[in-house]
Amino acid sequence: MSRPKEMTRAVIVGHKNILKETIDALHNTNLFHIEDFVEDESGFKISKPFKNAEEASKKLVKIRSIANYLGIESKKPVVQKSDSVLRDLDSKLNELDRTISAKTESISQLENELKDMDSQKKELLPYLSINLDFDYYRGYENLKVFAGIVKGSLEASQVSSITQAYELYFDPQSKTVVLFVAKNDADRVYELLQDLGFKELRVPERGGVPSELLRFIEQKEAEVTKRIESFKVEIESLKVKYADFILASDEVLSIESQKAELPLRIATSANAFIIDGWTPSEDYDKVVSVVNSATNGKAYITSLEVHEEEEEHAPVEYNNSKIVAPMQQIMDLYSRPKYTEIDPSAAIFITFPLIYGLILGDIGYALILGAIALAIRTAVKSDAVKPLMDILIYCQISTLIFGVIYGEFLGFSLASMHTVHGVVPGLIPGWNTINLFAGIGGEEVTFPIHRTHMVMTMIAISVIVGLLHLNLGFLFGFSNISRHHGMKHAVLEKGSWIIIELGAIIAAIGYFGGSGLMYVGAGILVLGIVMLTIGEGIKGPIELPSLMGNALSYARIIAVGLSSIYIASTVNDIAFKMIWIDHSQIGFAAIAAIIVLILGHGLNTVLSIIAPGLHALRLQYVEFFGKFYEGGGRKFNPFGYIRKYTEE
Amino acid sequence: MADAATAVAAGSLFLDAAGMKALGAAIAIAVTGLASAIAEKDIGTAAIGAMAENEGLFGKGLILTVIPETIVIFGLVVALLINSA
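Protein chains in written order, with the numbering used here: chain A, 3 to 650; chain F, 302 to 386.
So that you can see chain A by itself, here it is in the shape it has in the complex:
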């Protein structure tokens, strides 16, 4: 079992005139985790950022807003020299900024025009059916023009009962009214109109026939839309052209501003600076030599002795092999281990896929999910997805192995089983289960294991797996405590649990065997409880029943597994019964059966990630970690940058 990487606390002291060189050197190594300085009574103060800090962050904001506007995503890096990027940065950035703002301005102008035209169109629409030149609506001395919409319908007779001097246009569909009347009668006509719920419409100011005006506006609209599109295409081409530049300069500027703002995090006096931090012990010599060569030996570096309470707060860097590394995701999801405790990633590397496989145990799903995981792993380049897919692949390997042990394929049993109650048919003809030995509750343990026919035995096996897992947790706890508080505490606090279990097992054997062993076991049990009470106080015995709860919790291994089998075999039953309904020809039932089969197994495939995954995870987090794990370590976050798009 690995512990986190060993850290050395180091302090770098020097004159302020070598601060910049020191910072550059540290940044390049990317190995030094800097502890932020908090001002106290020592007289040291944090310093001011370097002069270029403000400019760099301004440019960075600009670049990022442009990148955001263009929708630039990280892509396969084209590595550029950082000097050349810096040299061209100002001119290129200004040029890019100018072009983009010019284009966005034109676009927003055009979009305003579009909006204008849209409202003009809306004004025109009611007049379309009347189709009278708008110039006819105005400029009369003795005529009043009513243009608007009424609610009911307007008959010519209604107007003619008031006056004979009128001209009426009415569209019964849109209820648009255009009415020319003599001014003298206008008031009375208006009253009539108001009774009909008249709402006046604005008459467009420009002259012309509505239908022609509409055609003209639509033509113009199409033109403007086309121009907007062409601008957008130009912007898109800018994105292609400048993507590398933007990504590279973002990186260069991020580095610049990181370095320039470092003085805010360190202690300085009038002429000197102190940088305090952590580096992996294996890299300490490298940090010393790099800083020395950058400052011609003018900086003073020394490692400090670490006290126990300081050790608790040391930053934590995992120390796992490449194969185990994906499991760190599971650790981080819970909480990073403390510097002082065991990092259980390597244990989880075994137990998590093991429990997942014990639950799922199906050749078919293992192959499907394994293929999906492999495909995603090769297709997606993201660093966040890869470890998850690795974990899924580990789990599927284990599922495949247990699939063979269980003899299951997509819910079908591969081997047929002969019991006293009859024959359970298998998928592979001629393959029969072999009876190995008697299980619990009158069940026979066979190979391949038919889980549905030996539930009680499988519960017992699950609980035994659980007990082993829990005891591994006790052993880790034992190691953690013996390292920091000595062997005596470890034996009392964690060893006592193992003794209690041992006592219980011996007592149980004695009870069923009917021998005196029972009293020996009971004695050991009491001894364990006394030790636990000494070790953990009254809290210890109170927690005793949780041991049973934790162990029984592993019964979910078979429970969740059975639910998966039953879903799969139900899907199979439905689909195959449908196919056999009408076996003379391939008809509707056969096609429906295939759909049921695919959808059902699709659903169960998704469930096969979620259910066993979550339950296996829970058994790690709650039952296993509960026995030893504290967590809450700080991430080792070295001062530096992992360059992707530039190089020195």
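Worth flagging that the hints you see were computed from the coordinates, not collected in a lab.
Check each hint, because a few of them may be wrong.
[Stated by the list, open to error] Keeping only pairs whose Cα atoms sit at most 30 Å apart, straight-line, the calculated DSSO-like set for lysine-lysine is:
#1 A:388 x F:361
#2 A:22 x A:7
#3 A:646 x A:61
#4 A:637 x A:77
#5 F:361 x A:629
#6 F:361 x A:637
#7 A:629 x F:342
#8 A:83 x A:64
#9 A:288 x A:22
#10 A:117 x A:241
#11 A:541 x F:342
#12 A:18 x A:60
#13 A:228 x A:124
#14 A:234 x A:77
#15 A:324 x F:361
#16 A:541 x F:361
#17 A:61 x A:83
#18 A:228 x A:243
#19 A:123 x A:222
#20 F:361 x A:7
#21 A:105 x A:77
Computed from a predicted model, the values in this text were never measured in an experiment.
Given chain A's structure and the hints, the job is docking chain F onto it.
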């Protein structure tokens, strides 16, 4: 009434021993399932709320949420014991 009594005595109206066993197992699973659900509902809501504030609490939230699940596991064990008894 008399008819019902004779029917019970004959075991035709109510369940026979096997039926009673199945019913008992079903009650064990159903009630413990409901109990877990009720308990997890409240914890889960609070855990989601906490995660909205701080995503790092996922691990702790998950653990607290699944603790009552033990209830239904006990129910399952009891149901299986009834069934195989």
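Against the structure, the hints:
Restraint check for residue 388 of chain A and residue 361 of chain F: the C-alpha separation of about 24 Å stays at or below 30 Å, so the hint holds. At roughly 29 Å between alpha-carbon atoms, residue 22 of chain A and residue 7 of chain A fall within 30 Å of each other, so this suggested pair holds. A threshold of 30 Å between alpha carbons decides the hint, and for residue 646 of chain A with residue 61 of chain A the separation of about 20 Å falls inside it, so the pair holds. A threshold of 30 Å between alpha carbons decides the hint, and for residue 637 of chain A with residue 77 of chain A the separation of about 27 Å falls inside it, so the pair holds.
For the suggested pair residue 361 of chain F and residue 629 of chain A, the alpha carbons sit about 15 Å apart, so the restraint of at most 30 Å is met. The hinted pair formed by residue 361 of chain F and residue 637 of chain A meets the criterion: a straight-line CA distance of about 18 Å does not exceed 30 Å. Straight-line distance between C-alpha atoms of residue 629 of chain A and residue 342 of chain F comes to about 26 Å, which keeps the hinted pair within the 30 Å bound. For the proposed pair residue 83 of chain A and residue 64 of chain A, the alpha carbon gap of about 21 Å is at most 30 Å, so the pair holds.
Under the criterion of a C-alpha separation no larger than 30 Å, the hint pairing residue 288 of chain A with residue 22 of chain A is consistent with the structure, at around 19 Å. Only pairs whose Cα atoms come within 30 Å are accepted, and residue 117 of chain A paired with residue 241 of chain A is accepted, the gap being roughly 27 Å. As the CA atoms of residue 541 of chain A and residue 342 of chain F are separated by approximately 28 Å, the hinted pair is consistent with the 30 Å bound. A threshold of 30 Å between alpha carbons decides the hint, and for residue 18 of chain A with residue 60 of chain A the separation of about 26 Å falls inside it, so the pair holds.
For the given pair, residue 228 of chain A sits about 21 Å from residue 124 of chain A by alpha-carbon distance, which is consistent with the 30 Å threshold. Of the pairs offered as hints, the one joining residue 234 of chain A and residue 77 of chain A holds, with about 22 Å between alpha carbons and a cut-off of 30 Å not exceeded. Pair hint residue 324 of chain A plus residue 361 of chain F holds up; C-alpha atoms about 27 Å apart against a cutoff of 30 Å. Of the pairs offered as hints, the one joining residue 541 of chain A and residue 361 of chain F holds, with about 22 Å between alpha carbons and a cut-off of 30 Å not exceeded.
This hinted pair checks out: residue 61 of chain A and residue 83 of chain A have alpha carbons roughly 19 Å apart, not beyond 30 Å. Taking the CA atoms of residue 228 of chain A and residue 243 of chain A, the gap is about 23 Å. The hint holds against a cut of 30 Å. Restraint check for residue 123 of chain A and residue 222 of chain A: satisfied, since their Cα atoms lie roughly 12 Å apart, inside the 30 Å limit. A threshold of 30 Å between alpha carbons decides the hint, and for residue 361 of chain F with residue 7 of chain A the separation of about 25 Å falls inside it, so the pair holds.
Note on residue 105 of chain A and residue 77 of chain A: the hinted pairing holds, with a Cα-Cα distance of about 25 Å set against a maximum of 30 Å.
In this structure, none of the earlier numbered hints is contradicted; all agree with it.
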